[in-house]
Amino acid sequence: MKKQKLMKLTNELKQGKSECFDEFYDLTKVSVYYTIKKIVKDSNILEDIMQDTYVKFINSLQKIDANYNPFSYLLMIARNTALDECKKNNKVECLDFTEESESVALNLEKAITPLSCEMETKFDAPLLNYCKDKLSDEEYKILELTVIYGYKRVEVAEMLNIPKSTLNWQYNNILKKIKNFYKEVYNEKI
Amino acid sequence: MRKYNKKIKEELESKVPDLKVTIKCSIDWKAIKDMNEEKENSCSYNKLNENVKQKSFKQPFKFKVAISSFACVFLVCLSIILPLSLAKNEEGKTIQIGENYLLTIDVNPSIRLEIDSNDTVVSQTGLNKDGIIFLYKENFVGEKANDVTKEIVDKLNNSGFFKYNKSMRVCVNDTNGNKNENMQNKITSTLTTYFKQANENVELSILNHDELTKIENLYYKNDIKSFEYKIAEDYNKKLMEQANQKLLTMQALTSILSFYANIIDDEDYELKEFSFIPYIKDYCNKYNYNLYFELDKVTLKNIKELYHNLMQEKETLEFTLVEIKNGNAESNFPNEMKDLYYLVEDILYAEN
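Same order as they appear, the protein sequences are chains S and X. Residue numbers 439 to 628, in the numbering used here, belong to the letters of the first sequence in order. Residue numbers 275 to 626, in the numbering used here, belong to the letters of the second sequence in order.
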């Protein structure tokens with residue numbers, strides 16, 4: 439994800455420039471969708487939660503310092519909103535994040551640490567599901583952070599507290615595996 | 275390889291609903307704007323120094339800089355506007371100058387930054403060959419002027435430009451060519467604080483109009499603009515050369531260390547063999563590689579771990595070079611090659 443770009447767009451959204459929202463949405467929608475989808479299966483509810491997430495985010499923009507990463511905050515809101523919905527419907531036993539969602543939550547690790555309700559989520563995405571089945575937990579986490587959330591490998595290495603060279607090596611291996619998975623899933627080469 | 279990542283993202287993207295319009299209609303944008311204005315008015319004015327990057331200057335100057343013996347002067351000035359067909363913004367286009375001012379930094383390298391009324395850099399230009407080399411891989415557009423000044427001074431320091439001469443000239447002019455005392459004092463104050471914190475004894479003075487005009491005249495006389503195109507090709511070519519050279523060095527070093535790395539022994543003990551020490555030293559010096567152990571007391575475990583780390587880094591560098599070749603690199607200047615940029619710039623300064 440282009441962090442600088444997002445920070446710039448966030449600063450402009452703070453100034454009430456609604457024309458910047460389209461680009462902001464396009465840059466973040468996949469990650470937000472993925473975060474919510476891991477918790478909520480119903481598409482209609484998912485859309486409502488996505489809408490609530492962005493509205494909450496925009497309305498609490500003033501809490502975000504210019505130097506903080508707004509993306510982490512957005513994902514935290516997405517996750518908390520989805521979990522609140524789960525609690526409301528008593529669908530699953532969830533941790534109470536209510537207080538955290540009101541504060542500036544910057545810890546992406548918390549935002550993405552999967553709960554038991556998220557572990558079994560299947561997406562309507564054949565290659566992704568296949569990756570989830572075949573890759574180890576650690577490998578899938580690296581895939582999530584780099585491909586879906588768009589973090590650079592250097593950032594992911596820091597998040598996961600592993601050496602950059604180790605992460606690069608693991609990332610290379612994951613790519614080789616995905617290439618084979620693609621052939622198996624789609625029965626063709628790109 | 276990137277195509278498969280793209281496929282995963284495409285799978286998800288096709289499922290994401292388009293809620294842009296719905297969301298935008300749900301928000302009171304005027305209230306957002308008012309809240310922001312209220313917050314800005316209540317904040318104190320001087321927030322420019324909040325994000326100071328505290329860098330250590332205790333490391334030795336590792337790179338020899340072939341600078342001539344003439345006085346190396348560092349000056350910061352805001353000068354009158356020059357035609358900016360060469361000014362480079364984020365997209366490489368010329369910025370229309372409104373109420374902006376220009377910040378010129380001349381140490382040899384000479385650099386010009388265009389800054390808007392929010393103290394944000396909107397374009398950057400090298401005013402001489404060294405300036406173009408200096409700025410080639412940097413992008414300060416979008417950053418605050420104070421932060422950029424500090425970043426530039428950091429890089430000048432790390433590149434060894436203050437090693438032989440420690441003097442600085444500062445001048446600030448507005449777009450009409452008049453002195454801007456307020457901004458000049460601000461810049462001077464920032465630099466004084468900065469050098470004091472870094473424990474650098476740099477003398478500050480003011481650049482006069484004639485000296486500034488001389489810099490600008492030399493820019494046109496030496497046709498610096500055409501050098502900008504040449505340096506792009508040169509820089510990339512030398513970067514690849516250095517990267518390949520590093521790979522060869524890593525190959526040689528890991529070959530030497532492989533004997534110890536392949537010893538099957540769970541016990542750790544101090545090695546008495548020292549023939550590999552000079553090779554490790556050379557590698558560390560050239561590529562600024564941080565060893566976590568002392569070379570006068572090397573154990574088997576140290577060598578095994580060093581070997582393993584070097585093999586991983588070698589594989590990473592090879593992968594990065596393939597990505598660059600295929601146009602799939604995440605950045606034009608990957609972090610995996612950061613130790614090579616100073617080397618390349620060193621060579622280019624010497625050649626030009």
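No lab work stands behind these hints, which were simulated from the structure alone. Backbone N, C-alpha and C fix where the C-beta goes; we use that ideal spot for every residue, glycine too. Please note that a few of the clues may not be correct.
[Said to hold, decoys possible] Taking beta-carbon pairs under 10 Å as the criterion, some of the chain S residues facing chain X (in silico):
#: 1; residue: V468
#: 2; residue: C524
#: 3; residue: K525
#: 4; residue: G588
#: 5; residue: K590
#: 6; residue: V592
#: 7; residue: M597
#: 8; residue: L598
#: 9; residue: K602
#: 10; residue: N606
#: 11; residue: W607
Worksheet item: Hint by hint, which ones does this structure get wrong, listed from lowest number up?
Response: Numbers 2, 3, 7, 8, in rising order.
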